[in-house]
Amino acid sequence: MPKVLLLHTGGTLGMAGGRPSALRPSAFFRTLKARVPELFELADIELELFSNLDSSEMQPELWSRMAAHLHRRLPAFDGAVVTHGTDTLAYTASALSFMLRGLPRPVVLTGSQRPLGEIRSDARLNLIDSVLSALNGPREVTICFDSHLYRGNRARKVKVSEYDAFESPNFPVLGTLGVDATFEPGLPPRGAFRLFERLDPRVFLLKVFPGLDPALPLALLPHLRGLVLEAYGAGNFPIDPSLGRSLRPLFAQARERGIPVVVVSQAYRNGVDLTLYQAGAAALENGAIGGGDLTPSAATVKLMQALAYHPAPEAVRRFIQTPIAGELTVGRPPAPPAEPRQRGRKPHSR
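Read in order, the letters of the sequence shown correspond to residues 3 to 352 in this note's numbering.
The hints are simulated quantities; they were obtained by calculation from the structure and are not laboratory data.
Each statement offered as a hint is correct.
Here are the simulated lysine-lysine pairs, DSS-like style, with alpha carbons at most 25 Å apart:
1) Lys-209 to Lys-159
2) Lys-209 to Lys-161
3) Lys-5 to Lys-35
Ranges of calculated distance between the beta carbons of each label pair, as one might list FRET restraints:
4) Glu-50 to Phe-211: 41 to 51 Å
5) Gln-280 to Ala-217: 21 to 31 Å
6) Ala-194 to Leu-51: 24 to 34 Å
7) Val-162 to Asn-54: 20 to 30 Å
8) Leu-245 to Ala-194: 48 to 58 Å
9) Arg-192 to Gly-246: 46 to 56 Å
10) Thr-33 to Val-332: 38 to 48 Å
11) Gly-180 to Arg-74: 28 to 38 Å
12) Val-332 to Gln-280: 19 to 29 Å
13) Ala-217 to Arg-196: 41 to 51 Å
14) Arg-200 to Val-332: 21 to 31 Å
15) Ala-269 to Pro-187: 21 to 31 Å
This one's a predicted model, so the numbers in the text were calculated from it and none came from an experiment.
Where a beta carbon is used, it is the ideal one built from N, C-alpha and C, also for glycine.
Please model the entire structure based on the sequences and the hints provided.
Encoded structure:
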């Protein structure tokens, strides 16, 4: 019988309590066999309690410990399932995808919108689908949710109160678990199974918005080693000095301090192209790194790892812009189907 490691970290799936009272952590394993006996017909499940935390408490130090634990234990199993809260699930999946290179077995993360003990919980099906994915899915870090398997570093949480809580806007699903379960091959094998557990968490994720006072992020620069900027559209932000909120000085001072700035898009589909508009060109002139179609969560974690392993600015740039675990589309991200009436490009309009 195949063996699957089930690593519990916490989250709604393993909580007790209900609405309207606050959910609280409980002993996850007490009800697992009672509520999901089919799980143990699929595989020999070895349960391990890594932590019992609300996912809002997940931190880079825990990712490093988790990656080291999986690196040590995974070769003895046919796959691994990690149960996790949904709020930071995409961050953890991104982190593990960069830390665990050359995976010999699938690592599947899952969670739920309702606790396992509730009657209408989605936890039961998510667990069953995740074990199937760990046995038959691609050998990479994935997220299994609502009968779909997503590349972990491509996924975003998009809903709070519905079961289809995750999407992968810029990459196709890796598996569909309906009446039949079908899987894509995923990433090709890439050398030996290696661990890269170091991260430098001195990174800030800044979302551009109308009215953002540049003095605020400028005041943060002395405390940072890296910055991820969520820009508008293809990489836009204010640069007109006459309006008093230009972000050009932020890029200039970051470059003077040797702080890499990775620019990603607030838009869910497609990605950043800093050559399209004046703002992007200004960012490039000051050393900004175009993040393509990296999700903000993947860009943030990848920058943490870049800073931990690559002290030279150019090495950081190469690392960010080189796909490590399928997180980034090489070249310009694919455009959506053209509208019946195609508009011409206006390089300096927004």
